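**Student:** Sequence:
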Amino acid sequence: MPLLRRKPFALAEPPNDLEPCESLFQIRFTKEALVSEKLATEKVQQIPEELMAPALRIIQYSMLPLKDLVDSIADKLKEQLVAGSQLYGKKNERVCPCKILRVMQKDAETVSYVVAWLDESNNVIERAEVSSQDLVQKKPPFSKNILKSFVRECTYRNAPWVLHDKLAKSHGISTDIPEELRGKVSFNNGLVVFTKKRKHEEESIKYPIDDLLVKPSPDDPVFSSRPSPSRDFNVPIHCVGDLLMVWDFFMSFGKLLQLSPYSLKDFENAICHKDSNVVLLVESFAVLFRVLIKGDEEYYAAVQDKLPKKITMISWKDYLCKFLEMIKIPKLRQYEATIKRGRYSYVDVNAKLEIFCELVNRALDTAIVREKLHEFIEQRRVLGAAKREEAIEASAKRRKEKEQLKADSGSTCGENGHDLDQDATASADNNHRIQNGSIRKNRNSETESSTQIYALDSGIKHSNLASKMSAEKFDSELNQSAVCGKVYNRKESQKQPMGDKDQSEKSYEQRRQYFDREIEKWCVRTSFLGMDRYYNRYWWFYRDGRIFVESPESNEWGYYSSKGELDGLMSSLNCKGERERALLKQLKKYYGRICSELQKKSKDLLHKTTLDDSVVRRSTRVRAPPRKNPAKAFIRYVNKWKEE
Numbered sequence: 001m002p003l004l005r006r007k008p009f010a011l012a013e014p015p016n017d018l019e020p021c022e023s024l025f026q027i028r029f030t031k032e033a034l035v036s037e038k039l040a041t042e043k044v045q046q047i048p049e050e051l052m053a054p055a056l057r058i059i060q061y062s063m064l065p066l067k068d069l070v071d072s073i074a075d076k077l078k079e080q081l082v083a084g085s086q087l088y089g090k091k092n093e094r095v096c097p098c099k100i101l102r103v104m105q106k107d108a109e110t111v112s113y114v115v116a117w118l119d120e121s122n123n124v125i126e127r128a129e130v131s132s133q134d135l136v137q138k139k140p141p142f143s144k145n146i147l148k149s150f151v152r153e154c155t156y157r158n159a160p161w162v163l164h165d166k167l168a169k170s171h172g173i174s175t176d177i178p179e180e181l182r183g184k185v186s187f188n189n190g191l192v193v194f195t196k197k198r199k200h201e202e203e204s205i206k207y208p209i210d211d212l213l214v215k216p217s218p219d220d221p222v223f224s225s226r227p228s229p230s231r232d233f234n235v236p237i238h239c240v241g242d243l244l245m246v247w248d249f250f251m252s253f254g255k256l257l258q259l260s261p262y263s264l265k266d267f268e269n270a271i272c273h274k275d276s277n278v279v280l281l282v283e284s285f286a287v288l289f290r291v292l293i294k295g296d297e298e299y300y301a302a303v304q305d306k307l308p309k310k311i312t313m314i315s316w317k318d319y320l321c322k323f324l325e326m327i328k329i330p331k332l333r334q335y336e337a338t339i340k341r342g343r344y345s346y347v348d349v350n351a352k353l354e355i356f357c358e359l360v361n362r363a364l365d366t367a368i369v370r371e372k373l374h375e376f377i378e379q380r381r382v383l384g385a386a387k388r389e390e391a392i393e394a395s396a397k398r399r400k401e402k403e404q405l406k407a408d409s410g411s412t413c414g415e416n417g418h419d420l421d422q423d424a425t426a427s428a429d430n431n432h433r434i435q436n437g438s439i440r441k442n443r444n445s446e447t448e449s450s451t452q453i454y455a456l457d458s459g460i461k462h463s464n465l466a467s468k469m470s471a472e473k474f475d476s477e478l479n480q481s482a483v484c485g486k487v488y489n490r491k492e493s494q495k496q497p498m499g500d501k502d503q504s505e506k507s508y509e510q511r512r513q514y515f516d517r518e519i520e521k522w523c524v525r526t527s528f529l530g531m532d533r534y535y536n537r538y539w540w541f542y543r544d545g546r547i548f549v550e551s552p553e554s555n556e557w558g559y560y561s562s563k564g565e566l567d568g569l570m571s572s573l574n575c576k577g578e579r580e581r582a583l584l585k586q587l588k589k590y591y592g593r594i595c596s597e598l599q600k601k602s603k604d605l606l607h608k609t610t611l612d613d614s615v616v617r618r619s620t621r622v623r624a625p626p627r628k629n630p631a632k633a634f635i636r637y638v639n640k641w642k643e644e
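If you count by the working numbering, then the sequence shown holds residues 1 to 644, one letter each, in order.
Keep in mind that the hints were calculated from the coordinates and are not lab data. What you are looking at is a predicted structure, and each value in this text was computed from that prediction instead of being measured. Take these hints with a grain of salt, some might be off.
[As the list claims (entries may be wrong)] Listed below are the simulated EDC-like cross-link pairs for lysine to aspartate or glutamate, each with C-alpha atoms no more than 20 Å apart in a straight line:
| no. | residue 1 | residue 2 |
| --- | --- | --- |
| 1 | Lys91 | Glu120 |
| 2 | Lys387 | Glu375 |
| 3 | Lys642 | Asp248 |
| 4 | Lys588 | Glu520 |
| 5 | Lys328 | Asp318 |
| 6 | Lys206 | Asp219 |
| 7 | Lys274 | Asp348 |
| 8 | Lys265 | Asp275 |
[To be verified] Pair by pair, the computed Cβ-Cβ distance ranges are:
| no. | residue 1 | residue 2 | range |
| --- | --- | --- | --- |
| 9 | Arg543 | Lys306 | 34 to 44 Å |
| 10 | Val114 | Pro15 | 48 to 58 Å |
| 11 | Phe223 | Ser174 | 45 to 55 Å |
| 12 | Leu11 | Pro48 | 14 to 24 Å |
Note that CB positions come from ideal geometry on N, CA and C, so glycine has one too.
My request is simple: use the sequences and hints to build the entire structure.
**Tutor:** In C-alpha cells form, the structure reads like this:
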C-alpha cells in the first residue's frame with residue numbers, strides 16, 4: 001500500500017562491511033520527496049547572478065516575517081531588469097512580447113534596453129532599443145514560493161534573518177550588526193543569537209500577575225515591613241474560626257432569635273469561664289433550643305413530654321444532653337455525663353465551640369432561619385435594584401444637563417454673531433439669563449418631583465419585606481434632601497449658577513451612601529476582604545472592629561487592632577499581584593469605617609484601663625462602692641430582647 005500509484009524503485013543493497021552489531025537508521029523520505037527537494041534547489045539556483053546581490057542585501061538582518069520579506073524582495077526584483085528576461089514592451093501603440101538582449105547604462109538615471117521582439121512561437125522578429133518606461137511586466141519573474149525557498153536556503157536563522165557567512169562574503173555583503181540591532185543580538189561561537197535584556201522582559205509583563213511570580217523591580221515603591229498580628233486569644237488559636245462563626249451567627253440573627261447583642265470579647269470570656277451557669281451562654285443555648293423545637297422535628301420528638309417546657313438555668317443542661325444524644329458524635333457524647341452532673345465548665349473549650357457549631361448548623365437547616373435568609377436576600381435584591389435605578393436616573397440627568405449646556409452655548413454664540421448695537425445686545429443677554437434661570441428652576445422642580453415619585457415607586461414601596469422603620473427613615477432622608485434642595489434653589493440659584501448642580505450631586509452621594517448602609521444591614525454572611533500573596537485571608541467584622549488574619553490551613557489566627565497596624569498592612573501590599581491588589585482595593589473601600597471602629601475600640605480600651613488603674617478614695621465614714629471590672633462584663637449580661 002505505501003507504493004500505491006507511485007513509481008517502483010529498487011532497494012539499495014546493504015554494504016558489504018556492515019557488521020551485525022552496528023545500528024541501523026531509517027530515513028523517512030521517499031524517492032519522490034528527495035526528487036522534489038532537488039527540483040526546488042535547482043529552481044532557487046535559476047535566479048540570475050545580477051539579482052542575487054540586491055535580494056541578499058534585503059534579507060541580511062531583516063526583522064520582517066517571511067511573507068513580508070518575500071513581498072519586499074519581489075517588489076525590488078520588478079525594478080531590476082537583466083539580460084534574458086522575457087516581458088512585454090510597447091510597439092506601435094501595442095503591447096508585444098519581447099526579450100531583453102542587453103542593458104545599456106547611459107548615465108546614473110537613464111537606462112535603455114536592447115530587446116528582441118518575439119512572435120507567438122517565441123521566434124525573434126526584429127531588434128530595437130527601448131526605454132524602461134516602454135517595458136511592462138505582467139507577472140513577476142519568480143513566484144513567491146521560489147523566493148521563500150531562496151530565503152530559507154540562504155539563511156541559518158530568522159528574526160533577524162542572517163545569511164550564511166560564505167554566501168555573504170562571496171557577494172560582498174557586510175556581516176556587521178546594524179546600529180538598530182546592537183544590544184538585541186550578539187555573536188556566540190560565530191553565530192548571531194538574539195538576546196533580551198532583563199529590563200525589556202519586565203516591561204513586557206502585563207500586571208497584575210500571580211503574587212508569587214512578582215519580582216522586585218527598581219521602580220517599585222518602598223514597601224514597609226508587614227506588622228505581626230496579635231495572637232493573645234483566650235481560646236486555643238485553632239478554635240478562633242469556630243468562635244467567630246458562632247458569634248457572627250448570633251449577631252446576624254439576633255432579632256429572629258430574640259437574643260440581644262454582646263461583644264466578641266464577652267463571648268470569648270464566657271466560653272473560657274470556670275462557672276457552669278454563665279447567663280450569656282445559657283441564653284445563647286436557649287435561643288437555639290427554641291429554634292430547633294419549632295423547626296426541627298427530630299429534636300422536637302426527642303424533648304417532647306420528656307423535659308420541662310420552659311428552658312431555665314437548671315433545665316438547659318437536659319436540653320443540651322438530648323441534643324448530644326440525637327447527633328451521635330462520639331467525641332462530643334463523652335462530655336454528656338459531665339454536663340448532666342452540672343459541670344459544664346469542665347468541658348474542653350474546643351468541645352464547647354464544636355457543640356455550638358453543631359447547633360448553629362442544625363438551626364440553619366430549619367424553615368424559620370431559611371425564611372429569614374430568603375427575606376434578607378430579597379431585601380438586598382430590592383435595595384440593589386433601587387440603587388441601580390437611582391444611578392441610571394442620575395446619569396441620564398447629567399447627560400441631559402450637558403446637552404442643554406451645549407445648546408445654550410450654541411445659542412449664545414449665534415446671538416453674539418448678529419450685527420446689533422450694544423444696548424440691544426445687553427438686553428438680549430439679560431433676557432437670555434432670565435430664561436436660563438427659569439429653565440434651571442423648572443428643571444430643579446422636575447428633579448424634586450421625580451425624586452419623590454421614585455421614593456414611592458422604588459423597591460421600598462413594592463417590597464413587603466422592608467420594615468416600617470427603614471421605610472420611614474428612607475422617606476424622611478429623601479424628603480430632607482428634597483427640602484434642602486428647595487431652600488438652596490430659592491436662596492442661592494441667582495447668586496451661584498453652579499450651586500444647584502453641586503447640591504444635586506451631594507444629594508445623590510448621600511442617597512448612595514444610604515443604600516450602601518441599608519444593604520449592609522441585610523447582610524446574609526460575612527465574606528473575607530481578600531488574600532495576600534501567601535493566601536492568608538483577611539476578615540473584618542464591623543460589629544467588632546478588628547481585622548482578623550486567617551492562615552491558609554485555617555489553623556492559625558491573628559488580628560490587627562490599631563490604625564497604625566492597618567496603615568502598615570496597606571503599605572506592605574504590592575499592587576502588581578492579583579490577590580494583594582484586590583485586598584488593597586477592599587481595604588481602601590472600607591478604610592474610613594475600619595479606622596473609626598478601631599479608634600472607638602481604642603478609646604474604650606483606654607477608658608477601661610484608666611478605670612482599672614484609678615484608686616478609689618475611701619473615707620472612714622463613707623465607703624465608696626467598688627467600680628465594676630470591665631473584664632467581667634459578660635457575667636452581668638442580660639438578654640433584653642427575651643420574651644417571656
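**Student:** Indicate, hint by hint, whether the structure satisfies it.
**Tutor:** Against the structure, the hints:
1. Lys91 to Glu120: 15 Å, holds
2. Lys387 to Glu375: 18 Å, holds
3. Lys642 to Asp248: Holds, at roughly 19 Å.
4. Lys588 to Glu520: Holds, because 17 Å separates the two Cα atoms, which is no more than 20 Å.
5. Lys328 to Asp318: Holds, because 16 Å separates the two Cα atoms, which is no more than 20 Å.
6. Lys206 to Asp219: 15 Å, holds
7. Lys274 to Asp348: Holds: Lys274 and Asp348 sit about 11 Å apart, inside 20 Å.
8. Lys265 to Asp275: It holds: about 17 Å lies between the C-alpha atoms, which stays within 20 Å.
9. Arg543 to Lys306: 34 to 44 Å: 37 Å, holds
10. Val114 to Pro15: 48 to 58 Å: With a Cβ separation near 57 Å, Val114 and Pro15 satisfy 48 to 58 Å, so the hint holds.
11. Phe223 to Ser174: 45 to 55 Å: At roughly 50 Å between Cβ atoms, Ser174 and Phe223 fall inside 45 to 55 Å, so the hint holds.
12. Leu11 to Pro48: 14 to 24 Å: 40 Å, violated
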